[in-house]
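Trainee: Chains as they are written, first to last, in our numbering: chain A, 22 to 136; chain B, 30 to 1035; chain C, 24 to 441; chain D, 1073 to 1268.
Check the hints yourself; a few may be wrong.
Said to hold, decoys possible - DSS-like cross-link-like pairs, simulated, lysine-lysine; straight-line CA separation at most 30 angstroms:
hint : chain 1 : residue 1 : chain 2 : residue 2
1    : B       : K440      : B       : K424
2    : B       : K424      : C       : K314
3    : B       : K256      : B       : K729
4    : A       : K134      : B       : K440
5    : B       : K729      : B       : K919
6    : B       : K465      : C       : K78
7    : D       : K1141     : A       : K89
8    : B       : K919      : B       : K968
9    : A       : K121      : A       : K103
10   : B       : K729      : D       : K1120
11   : B       : K813      : B       : K787
12   : C       : K415      : C       : K78
13   : B       : K314      : B       : K256
14   : B       : K680      : C       : K179
15   : B       : K376      : B       : K424
16   : A       : K134      : B       : K787
17   : A       : K103      : D       : K1129
18   : D       : K1168     : B       : K729
19   : A       : K121      : C       : K43
20   : A       : K89       : A       : K136
21   : A       : K103      : A       : K89
22   : B       : K680      : B       : K465
23   : A       : K133      : A       : K89
24   : C       : K415      : B       : K936
25   : C       : K78       : B       : K611
26   : B       : K159      : C       : K415
27   : D       : K1168     : D       : K1158
28   : C       : K90       : B       : K972
29   : C       : K293      : B       : K147
30   : B       : K84       : C       : K78
31   : B       : K941      : B       : K1017
32   : C       : K257      : C       : K293
33   : C       : K415      : B       : K611
34   : A       : K89       : D       : K1258
35   : B       : K430      : B       : K611
36   : B       : K936      : B       : K831
37   : B       : K966      : C       : K90
38   : A       : K121      : B       : K465
39   : B       : K729      : B       : K680
Please keep in mind that the hints were generated in silico from the structure rather than gathered at the bench.
Given the structure is predicted, the values throughout are model-derived calculations rather than measurements.
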Amino acid sequence: MLLVTCPVCHASGDETDFHFGGQAHVARPATSNPEGISDEQQREYLFTRINPKGLHFERVRCDRGCGKWFHAARDTMTMEFKAFYGITELPPDHVIKQAKGAWAEYFTMRMKKQK
Amino acid sequence: MTGKPYRLTEGGSRIDRNSRMTFSFDGRDVQGFAGDTVASAVLASGQKIFGRSFKYHRPRGVVGLGSEEMNALIGVGADARHEPNLRATQVEIFGGMVAESQNRWPSLTYDMGAINSKLSRFIPGGFYYKTFKWPQAFWKHVYEPIIRRAAGLGRAATGCDPDTYEHMHLHCDVLVAGGGLAGILAAEAAAKAGARVVLIDENPVLGGIADLTAGMINGECAADWLKPTADALQMMPNMRVLSRTTVVGHYHHNYLMAHERVGDHDPALLAAGAPRQRKWKIRAKRVIMATGAIERPIAFANNDRPNIMLASAARGLISRYGVSPGTQGIVFTNNDDAYLTAFALQKAGVNVQIVDSRARPDGDLVKRAQEEGIPVSLSSVISAVAGTQAVRAVKIAAYRKGQGRVITERKVDCDFIAMSGGWNPALHLWAHNGGKIRFDDSLQSFRPDTHPDAITAVGAANGTMSVAETISEAQAAGEVAAKSVLKKAKAAKPAKIEVKEPKRGALEPLWFAPATGHYNEGNKHFIDFQNDVTVADLELAQREGYESVEHTKRYTTLGMATDQGKTSNLNGLGVLAEATGKTIPEIGVTTFRPPYTPYSFGAIAGALTNDLFLPVRRTAVFQWHTDQGATWEPVGQWRRAYTYTGVGEEKHQSITREILSVRNKVGLLDASTLGKIEIKGPDAAEFLDRIYTNTFSTLKVGRCRYGLMMNELGFLSDDGVTVRLGEDHFLMHTTSGGADRIAAWLEEWLQTEWTQYKVFVTPVTEQWSQFALAGPQAREVLEKLEPDFEITNEAFPHMSFKIGKLGGFPVRVYRISFSGELSYEIAAPAGYGLSLWQAIMEAGAEFGIGPYGTEALHVLRAEKGYIVIGDETDGTTTPDDVGMAGMVSKKKTDFLGKRSLEQSELKRDGRKQLVGLLTEEPNDILPDGAHAVADLKDKPPMKMIGHVTSSYMSPSLGRSIAMALIENGRARMGETIAFPLAGGKVMKAKIIGTVFYDKDGGRINA
Amino acid sequence: MLKPRYSIFSLARNAMNYHKDWERAWRSPSPKAEYDAVIVGAGGHGLATAYYLAKNHKMTNIAVVEKGWLGGGNTGRNTTIIRSNYLQDPSIAIYELARTLYEGLSQELNYNVMFSPRGVLMLCQTQHELRAFQRTAHANRLAGLDCRMITPAEVKEIVPIINDDPNCRYPILGAYYQPRGGTGRHDAVAWGYARGADDMGVDIIQNCEVTGIQRDGNQVMGLETSRGVIKTKKVGVVTAGNVSTVMDMAGVRMPIESLCLQALVSEPIKPVIDCVVMANTVHGYMSQSDKGELVIGGGTDPYNNYSQRGSFASLEHTITALIETFPIISRLRMLRHWGGIVDMTGDRSPIIGKTPVDGLYVNCGWGTGGFKAIPGSGWVFADTLANDRPHKIAEAFSMERFTEGRFIDESVAAAVAH
Amino acid sequence: MLEPRFESALALRGEPTTTYVSMREITTRGMIDLRGLTSDRKFMAAAKAVLGFDLPKAPRTSNSFGDVKVLWLSPDQWLVLCAREKAPSLAAEFAKATENTHALAVDVSDMRSIIRIEGEGSREVMMKGCSLDFTDADFTPGYVRRVRFAEIAALFTIVDASTIDLYVFRSYANYAWDFLLKAARKGSEVGLFNGR
């Protein structure tokens, strides 16, 4: 029974008071560019998932609390939460630094975009 | 010794000799004292056999003192209250208790199953993998049934459990698991520092095995010194002590499960309303594991005979229950600790001698034995045991480490054996959630190492066997734990504690005591008593290549019995290590899994059983429906009236009646369960355009529009009518099952994708009772309800709504229809729901109004070809599949699911399309889900081309109708297709459009 | 067979000298420098693949590499249910092939896998569920499966301990029954295939973890392992919950999420239930092992998890549901509970076939239902590997289906509540 | 003329005698679901104008003046409590006052049922149904929180040391009531808070 803390209302509670929404930071292509989305892009968006053994980033809703969605960084081996952060935000830098493999690639790419 | 041979005249810290009680064991009345366990009382009565073993059905007696017991498993209670497989060493007796032994037939002393013991040579570990293969059918019909009957231990209860269970949540700074010396002192230290502490112990009284240790504390024996401290704990305001409670599991983030046996020991408590058992769900900031240690048996020939027990158990029987296992005892050991048992026995007047496998033990206790004149045979082992139903004698042989077989033996008469192969720290909790463990040579056992969570091990659980070290370790741990969680901990002054304890000599591992003839030549050296796993079985597994410790475990079933290897796993590893020349750490351990000891499913479920198993959601009219004889249809957690069956009426008759009253007169449906969501904001219209396949920004204020929703895969997920209350204000209706799902769905998109939208979403489903007043005479009924608004067809046309009053009722009335008739859905605040419903029924009485249920509704809508999400769609159905491509906007650039409709599979030809069906024989009703085939064959397999989604006898048309999803259906109009049914019958049906009734929709707009 | 056969006679013969002469069930070889094909993952699916590669395709210079002990993953953790009464044609095809192979597997492998066709009941507890299973029943009958709908009375007859109170929360409206479904002994399936494959010369290399996949351009060249480099031009990845991690080594990202599925057993008791009962509305299923333990499974936890330790919340739901369904279990006790890491695809159906990398094949996504498929899965995957093209039955399970929207969704029948 | 008759969800359930806490339904309370952005000055001012006091901004707190009380539900959602008969007009006032800004006020007086749990064991009984720590220092009068209680969505407020108001959706009221009857059954006391 994971112990989760909502970064919006700062309430801590059992995982059963929250709703888990799968991988974080999955962009919906149609929102930015409804035309010219390839079948491959659509598959990536709908099905292809980063599925790491170790640090993972996911979406969570404060389901029984304030009702707001947020992000969590969690180790899928130890279940330790490394950070909770806003639904429109990126993880804290020190957590991004710990990201490996596909997640590391993703964040480097995001950083480039921002600059 | 007294006349009653095994109950000593004095002693027994747990029993109250002034309160006698009688219970029955296998139908025989047994006398005991308050505080006795079934084990102590039955042993006191002279009976040694408690059960039969799992595979060989060998007679077995008590081995342990508590939850580690693996042999003396009994069933307690009658009929629906029967509970099997309880450990006799844990079950506290009470007057009138009914207990029985298990896994024997016809009786304990004469058991047919014992034939297996004779055949044992032919059924080594894993034998069943090698045989029972021919002939094929025999496994299921012959071999397996025999095996199943022979296996299994006790029997299940009969009927529903009459007792109750509950859960209790608890949060604390420090949880201390185990109430022995270490646990009590750790808890005291933490509590004195100001922490909120919970101390949990599985026994009825605190103290652990302090009463069995040698140490003297401040001049008193450990137990006496400890008692006042233990009593004081109960009084501390920031301390909670749970007895008869076992911490059964340690889970992520220091979440612990504890199982309290509230009323098992005292029926009076149950009668007074107490739950039988309570499960504690505890979130602890820190955990201190003080779970003690479990003594190891020794593997010697026939070491499973009744009255061969652990040294600590023999000691405990005497000091706690004033019961001696016998009159002539042998203590067989490889360590100093068991010498204490010899002293206790001698003090109790029992003849005892010691067999010690070690050559030169040099501990204080060994010296004391010599001083007290107890015969000690060094460098010796027990090489044989005489007696089947009870120990009669043993053979003692000289022994050198690593010796394969013994040469010379001498016989010694005795009637019990107390054995000790050393102690294993009870580190199960440590390992449940990923704690690392390491092997300790001095213990010849594993002890806690590192752990990812905030948990500390102290005392014997940590491998610390000395009293003095345990005390300092425990107090330090308690204080550190408190400090780590408190902003400022109180400074507690350490009390002065002086400990005198004997110097211990080293333990020497003895994994296997040789016998005449090799271990693997018929001698049974048991490792796992309950599962009848012997040394020979373990070596066989190795020889056959089942080398991984997990393979050995699974192949031989070592450690898979109800004690989960508490007394057998390490001995097994020791044997494997010697057999393979590896070290025990190289062999490795199997995974420790919760629970520490088994606990009841009832306690796991808690209060949520019977009427509380899953909530039933009720509308405001629920009781009225019930009184009118409604039968129910579960929809999500709701219960909706399926049909109102009158006296002398069959369901199909009442359904027909309800349908016809809507078609010909007027009917009333409780539609309160439909989802209702208020959506408001400057971007509300644009937001809805993203959610629905069709357009809502063009909807006029005051009007209603039917909408379709897809998920992102392009498949239909929900539908319903949404009305525009104001320029930026909408009320969305969803399906009953979809209400919560869709509300969450809207929030998700607003919060996570279109965060720029200014839109508020507030679900209001439960605020409103909503009733569909439907039928040609609906308007007349509405008129009688004193509307304060115009209701003529012109003023109040189809797909519009009014907000106003019906008499004194504040209402919203929507002119929408799911029945194809003139229909008004009238919504009023739920508190007025029942009286509005009754008012409508009264107003409609003169028009012959009747209530109708969900089944009638389904037939009505099917006659009109309206789809039901979940019937006509199944999660892989697109709008075009159900002929609603027209409702998918071509103009809108983006809405949910739009892009997926472009995937090749979703737009390919030959997809299944929704069509209407008329069976050739009007009275034939196609079964739900029946499949049509491309070409009819006399037997399967046949190529299927689609299936029936809805099928009914239509009273309005006086014939059967159906809808189906058929490959290329819309191109097959007029074609007749075949549905081969079970039993060879074939139904043929003609494909037509989906609208069967009132095709031009005149009635809706009337 | 080179190995001496197992039988009642060999058992008796060996008893004469106290079973000292039994041979190893499988060798413990060191990896060779090169193989014609290497299977990654010695679970049931991987071992079956190796067995049929050797048996059906005469490829015996092959190896199975396993980071732990063979059969140690989900093969040794599941609730051993075997059935084939699925809704979608591709599913029916592969699960029925598997079930048929199971029927003769003990004889085929000369190892008693204890396949026990004791029958599988899927309860119908709502009108919606009843209709859904009726649809499945019609489809299965026309596909030639021996299955049928049965009445509440028949259910009670087959499962006397079931709660047949018509007023309970979800009264039993009927059940979908596959008499030839049942259970098997999960370890024995892995061990039997291992012994059989080993007997034909397949190297089963345990404690050998794959750390890298070597490529030359787009062609697989070999594996880097904890026991050195192994050259091979054909690699079949069959690593269930760990498939994403292994495929990442070849730069292939999978449509997979790894979740924790939990199971538990009760203490052994005398027989109370002689078939498998699945209650899908309330989420719980139960059977009784030959040892007497009630074997119980439930749902998956809602978040990615590689720890093989699940959350207690889902166990509570499962057990509450089963007490409602079988009231007598209330006073029985949970002996042990554990978790397995299941690989879930977007449509909950497996992926079998080729990958964007030449010589790299994958068989994964069995999610919560893999055990029942082991023989069929091994059969078609071996054929796919041997011939470098998908076996007829495997075609529908290609990864491309996610690009085309061609899903194989078994949950559809109960997908949408209404 | 047709006269509406109000009937609460638990109207047919009597006050229990078998429990170690007292339980009764509160039926006189009106409720308004108010949505708006804390960052929106116009909205906050408008709300204050209607209420006569500020909306609570701190999570899980409540403000009140006279017979009107406001519970914080979320950063952009509040539940306004008032006399049941006053709710429609108050809701209208909010609607009017927030006309020119982004807000939503809905009269939801019939959407939830309120069960008042009173007695020394009230917190203990709550802890039989939900995982929160009712001994926590924050759980003082005025504390409000949404939780999962006995598997259903609920909302509670701490009224005083031994009194709790439990809000559940109307359709679940009987289920919650039945759960409480079982959890608070005499003889099942845990004694967690007897002077501790």
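Trainee: Are the hints correct? Go through all of them and say.
Mentor: Evaluation of the provided hints:
With a C-alpha separation of about 4 angstroms, the suggested pair K440/B and K424/B falls inside the 30 angstroms cut-off, and the hint holds. Simply put, K424/B and K314/C have alpha-carbon atoms about 35 angstroms apart, too far for the 30 angstroms limit, and the pair is violated. Proposed proximity of K256/B and K729/B is contradicted: the alpha carbons are some 81 angstroms apart, above 30 angstroms. For a cut-off of 30 angstroms, the pair hint linking K134/A to K440/B is broken: about 87 angstroms separates their Cα positions.
Between K729/B and K919/B the CA atoms are separated by roughly 20 angstroms; this keeps the pair inside 30 angstroms, and the hint holds. For the given pair, K465/B sits about 43 angstroms from K78/C by alpha-carbon distance, which is inconsistent with the 30 angstroms threshold. Proposed proximity of K1141/D and K89/A is supported: the alpha carbons are some 23 angstroms apart, at most 30 angstroms. For the proposed pair K919/B and K968/B, the alpha carbon gap of about 46 angstroms is over 30 angstroms, so the pair is violated.
Between K121/A and K103/A the CA atoms are separated by roughly 14 angstroms; this keeps the pair inside 30 angstroms, and the hint holds. Taking the CA atoms of K729/B and K1120/D, the gap is near 33 angstroms; set against the 30 angstroms cutoff, the hint is violated. Proximity of K813/B to K787/B is assessed by CA-CA distance (about 42 angstroms); at most 30 angstroms being required, the pair is judged violated. Proposed proximity of K415/C and K78/C is supported: the alpha carbons are some 19 angstroms apart, at most 30 angstroms.
Restraint check: the Cα-Cα separation between K314/B and K256/B comes to about 27 angstroms, which is no more than 30 angstroms; the hinted pair holds. Proposed proximity of K680/B and K179/C is supported: the alpha carbons are some 24 angstroms apart, at most 30 angstroms. Simply put, K376/B and K424/B have alpha-carbon atoms about 25 angstroms apart, close enough for the 30 angstroms limit, and the pair holds. For the suggested pair K134/A and K787/B, the alpha carbons sit about 27 angstroms apart, so the restraint of at most 30 angstroms is met.
Taking the CA atoms of K103/A and K1129/D, the gap is near 28 angstroms; set against the 30 angstroms cutoff, the hint holds. For the proposed pair K1168/D and K729/B, the alpha carbon gap of about 22 angstroms is at most 30 angstroms, so the pair holds. A C-alpha spacing of about 51 angstroms is found between K121/A and K43/C, which places the hinted pair above 30 angstroms, so the restraint is violated. At most 30 angstroms may separate the alpha-carbon atoms for a hinted pair to count; K89/A and K136/A meet this at roughly 29 angstroms.
Taken as a hint, the K103/A and K89/A pair is honoured in the structure, with Cα atoms around 19 angstroms apart against an allowance of 30 angstroms. Between K680/B and K465/B, the direct Cα distance comes to roughly 64 angstroms. Violation of the 30 angstroms bound is thereby established for this hinted pair. Between K133/A and K89/A the CA atoms are separated by roughly 29 angstroms; this keeps the pair inside 30 angstroms, and the hint holds. Pair hint K415/C plus K936/B holds up; C-alpha atoms about 24 angstroms apart against a cutoff of 30 angstroms.
Between K78/C and K611/B the alpha-carbon distance is near 36 angstroms, which puts this suggested pair outside the 30 angstroms criterion. Simply put, K159/B and K415/C have alpha-carbon atoms about 35 angstroms apart, too far for the 30 angstroms limit, and the pair is violated. Only pairs whose Cα atoms come within 30 angstroms are accepted, and K1168/D paired with K1158/D is accepted, the gap being roughly 16 angstroms. At most 30 angstroms may separate the alpha-carbon atoms for a hinted pair to count; K90/C and K972/B exceed this at roughly 44 angstroms.
For the proposed pair K293/C and K147/B, the alpha carbon gap of about 23 angstroms is at most 30 angstroms, so the pair holds. For a cut-off of 30 angstroms, the pair hint linking K84/B to K78/C is broken: about 37 angstroms separates their Cα positions. A threshold of 30 angstroms between alpha carbons decides the hint, and for K941/B with K1017/B the separation of about 18 angstroms falls inside it, so the pair holds. Proximity of K257/C to K293/C is assessed by CA-CA distance (about 49 angstroms); at most 30 angstroms being required, the pair is judged violated.
Between the alpha carbons of K415/C and K611/B the distance comes to roughly 49 angstroms, so the proposed pair goes past 30 angstroms and is violated. Our distance criterion of 30 angstroms between C-alpha atoms is broken by K89/A and K1258/D, whose separation comes to about 39 angstroms. Taking the CA atoms of K430/B and K611/B, the gap is near 16 angstroms; set against the 30 angstroms cutoff, the hint holds. Restraint check: the Cα-Cα separation between K936/B and K831/B comes to about 41 angstroms, which exceeds 30 angstroms; the hinted pair is violated.
Between K966/B and K90/C the alpha-carbon distance is near 51 angstroms, which puts this suggested pair outside the 30 angstroms criterion. A distance of roughly 25 angstroms separates the Cα atoms of K121/A and K465/B; the hinted pair therefore holds under the 30 angstroms criterion. For the hint pairing K729/B with K680/B, the CA-to-CA distance comes to about 43 angstroms; that exceeds 30 angstroms, so the pair is violated.
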